[in-house]
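In the order they appear, the protein sequences are chains A and B.
In terms of this note's numbering, the first sequence opens at residue 1 and continues consecutively.
In terms of this note's numbering, the second sequence opens at residue 1 and continues consecutively.
Be a bit skeptical, because a hint or two may be false.
Straight-line Cα separation of at most 16 angstroms, EDC-like style, residue types lysine to aspartate or glutamate; simulated pairs [claimed, not checked]: (1) B/Lys156 - B/Asp126; (2) A/Lys71 - A/Glu7; (3) A/Lys73 - A/Glu96; (4) A/Lys222 - A/Glu207; (5) A/Lys5 - A/Glu23; (6) A/Lys73 - B/Glu160; (7) B/Lys156 - A/Glu55; (8) A/Lys103 - A/Glu150; (9) A/Lys56 - B/Glu97.
For the record, the hints were derived by calculation from the structure and aren't laboratory data.
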Amino acid sequence: MTQTKLEMKNITKTFNHDKILNELTFHLEKGEIMSIVGPSGSGKTTLLRILAGLEKPTDGEIIMNGRDITKQKANRRSISLVFQQPLLFPHMTVKENIVYGAKVSKNYKEEKIESLLEAIGMARFRDHYPSEISGGQQQRTALARAMATEPEVILFDEPFSSLDPSLRQDLRYWVRDFLASRETTAVFVTHDMEEAMIMGDQIAVFEDGNFQQIGTAETLHKSPANMRVATFLGGHLILNDHEFAPLHAVRVGTQKTSKNEVSFHATVEHITYQHGRPVAHLYVNNLEKKISIPIDETFPTREVQVTIPAGSIQTFSGEIL
Amino acid sequence: MIRKKVLFLILTLLFFIIPLTVLLLQSISAPWRFHTGQGIDWGWQEYSTLFQNPQLWEATFISIGIGFAVLFINVAIGLFTGKALTPYAYRGKAWLEALLLSPILIPSLAIAMGLHLFMIRVGLADTIWGVMLIHLVPTVPYSIKIFHNSYQQIGKAMMEQPHILGAGFWTQVFTVELPLLRPAIRSVTFLTIVISLSQYAITAIIGGGRVLTLPLVFFPFLNNANTSIMAAFSIWFALIPVFMYIIIEALMMFLPYSRLPWRNHR
Numbered sequence: 001m002t003q004t005k006l007e008m009k010n011i012t013k014t015f016n017h018d019k020i021l022n023e024l025t026f027h028l029e030k031g032e033i034m035s036i037v038g039p040s041g042s043g044k045t046t047l048l049r050i051l052a053g054l055e056k057p058t059d060g061e062i063i064m065n066g067r068d069i070t071k072q073k074a075n076r077r078s079i080s081l082v083f084q085q086p087l088l089f090p091h092m093t094v095k096e097n098i099v100y101g102a103k104v105s106k107n108y109k110e111e112k113i114e115s116l117l118e119a120i121g122m123a124r125f126r127d128h129y130p131s132e133i134s135g136g137q138q139q140r141t142a143l144a145r146a147m148a149t150e151p152e153v154i155l156f157d158e159p160f161s162s163l164d165p166s167l168r169q170d171l172r173y174w175v176r177d178f179l180a181s182r183e184t185t186a187v188f189v190t191h192d193m194e195e196a197m198i199m200g201d202q203i204a205v206f207e208d209g210n211f212q213q214i215g216t217a218e219t220l221h222k223s224p225a226n227m228r229v230a231t232f233l234g235g236h237l238i239l240n241d242h243e244f245a246p247l248h249a250v251r252v253g254t255q256k257t258s259k260n261e262v263s264f265h266a267t268v269e270h271i272t273y274q275h276g277r278p279v280a281h282l283y284v285n286n287l288e289k290k291i292s293i294p295i296d297e298t299f300p301t302r303e304v305q306v307t308i309p310a311g312s313i314q315t316f317s318g319e320i321l
Numbered sequence: 001m002i003r004k005k006v007l008f009l010i011l012t013l014l015f016f017i018i019p020l021t022v023l024l025l026q027s028i029s030a031p032w033r034f035h036t037g038q039g040i041d042w043g044w045q046e047y048s049t050l051f052q053n054p055q056l057w058e059a060t061f062i063s064i065g066i067g068f069a070v071l072f073i074n075v076a077i078g079l080f081t082g083k084a085l086t087p088y089a090y091r092g093k094a095w096l097e098a099l100l101l102s103p104i105l106i107p108s109l110a111i112a113m114g115l116h117l118f119m120i121r122v123g124l125a126d127t128i129w130g131v132m133l134i135h136l137v138p139t140v141p142y143s144i145k146i147f148h149n150s151y152q153q154i155g156k157a158m159m160e161q162p163h164i165l166g167a168g169f170w171t172q173v174f175t176v177e178l179p180l181l182r183p184a185i186r187s188v189t190f191l192t193i194v195i196s197l198s199q200y201a202i203t204a205i206i207g208g209g210r211v212l213t214l215p216l217v218f219f220p221f222l223n224n225a226n227t228s229i230m231a232a233f234s235i236w237f238a239l240i241p242v243f244m245y246i247i248i249e250a251l252m253m254f255l256p257y258s259r260l261p262w263r264n265h266r
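Let's have the full structure, built from the sequences with the hints guiding it.
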């Protein structure tokens, strides 16, 4: 049986007349991991800060385990937040940093600290100061420190964005397994769709102060709710406010083929290689849209035709959930 | 690298070690004049003159007492005001900061004369408490500025981190803020003690001559033109902040998470 761990009801936040969050409502089950993606500056961080208790919502309520915690201070909430930077205390060693988290939340047990040190692979570096370890090690330590408080919910604010790509990849899977093995409820904020898909069971696309759609990666790709979601995913050719075509149905050629197709004139701006395949970056002149699409062969000219079988044109679902 | 070292050595010699050595030598020799044909007369008589002054020890202890009191009040005010100024930008913040700095823009003598009447009325004139209060005027603005800058350097996010983990206000102050503010505390220590110790005019006005601090004892000596006694007195004067600084440094070692010499094995 699932139980609702955390719930946000009609949360609104305004800064100097700017609505950052607009009547936001969602809930998380115990052990669920939700990714929130959205362009930078969309208010994702504000959302996390309100959940953590660092900022007060202008309106609405936050409910945890059935209790209203809207007015509770951050240090009294069983919610931890891992920031973009590790923010380890520079005057404490790796172990002291983790112990600190456990002690201030009154959850200190020596065995737990040891197992956390083992889990993050930092047992050997326990007596090092933060300035003496690498960025990835620092971020792992920060995570262990947050876990040491035994939070019921843990929030991540783009925790890997300051790390180099290969390290980021390793750490993503590591954190995911770590959270899953402890059945921790988590919210993971990122602007990277790939990261969102790896980290979350559910993905929420956040833009303009509200969720545009919440669903699995598959749902989002198969039936995006609206133009904003589709634009953010980048896997569709958006024809107008209501219609789109999935990129896998789109063909690129030098000339029009048959009649039962919609076709547009496009310009090849660039060819790059991804996952071993050439990818054409096209500018569709009539639609004023840019798309990136894998191709099989290169073209003799820069001017090409983009064709879509009429049957694969779909309309936006319009459903948020 | 070598050039830098040589430059450093020359500058320290020129501006620190040579003057200090001259001062030391002067304090243990009788005044010597060029071309009088007399040799240098070494001895401790200057110090004995100094210690014969019955008021010396009393003035020293009172000065140290006032110095510590002024320091602790400064740390308390500076810490919390500096912290309060840090997080938000709000309208009028620049004015508030200017207002907090204003006591050092107005001559403290003018403030002391103005406050004297008030102190008489509330019964603080001629008391050690009144002197402590008036010594806050030329010191508190600096302390606020120093702590404010340090808090800004530590950053808002670093201050939110312990709060998120579950630390209460005082736990956070003692476990994270004070240890990270150690350099600021050092600066404030030296600054306030030296400023407090060298106040003559405002101490004389508010203390009314009854609160005896070192400058008050020191001043009459200026007339006798005996440079050797002056040198001895200067050294005595300079030793006090150093002594107080060592005490504060020792106290700071008791802050949580200090790298104690016997604790840091690596």
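Checked hints:
| no. | hint | verdict |
| --- | --- | --- |
| 1 | B/Lys156 - B/Asp126 | 44 angstroms, violated |
| 2 | A/Lys71 - A/Glu7 | 14 angstroms, holds |
| 3 | A/Lys73 - A/Glu96 | 25 angstroms, violated |
| 4 | A/Lys222 - A/Glu207 | 19 angstroms, violated |
| 5 | A/Lys5 - A/Glu23 | 20 angstroms, violated |
| 6 | A/Lys73 - B/Glu160 | 12 angstroms, holds |
| 7 | B/Lys156 - A/Glu55 | 13 angstroms, holds |
| 8 | A/Lys103 - A/Glu150 | 11 angstroms, holds |
| 9 | A/Lys56 - B/Glu97 | 27 angstroms, violated |
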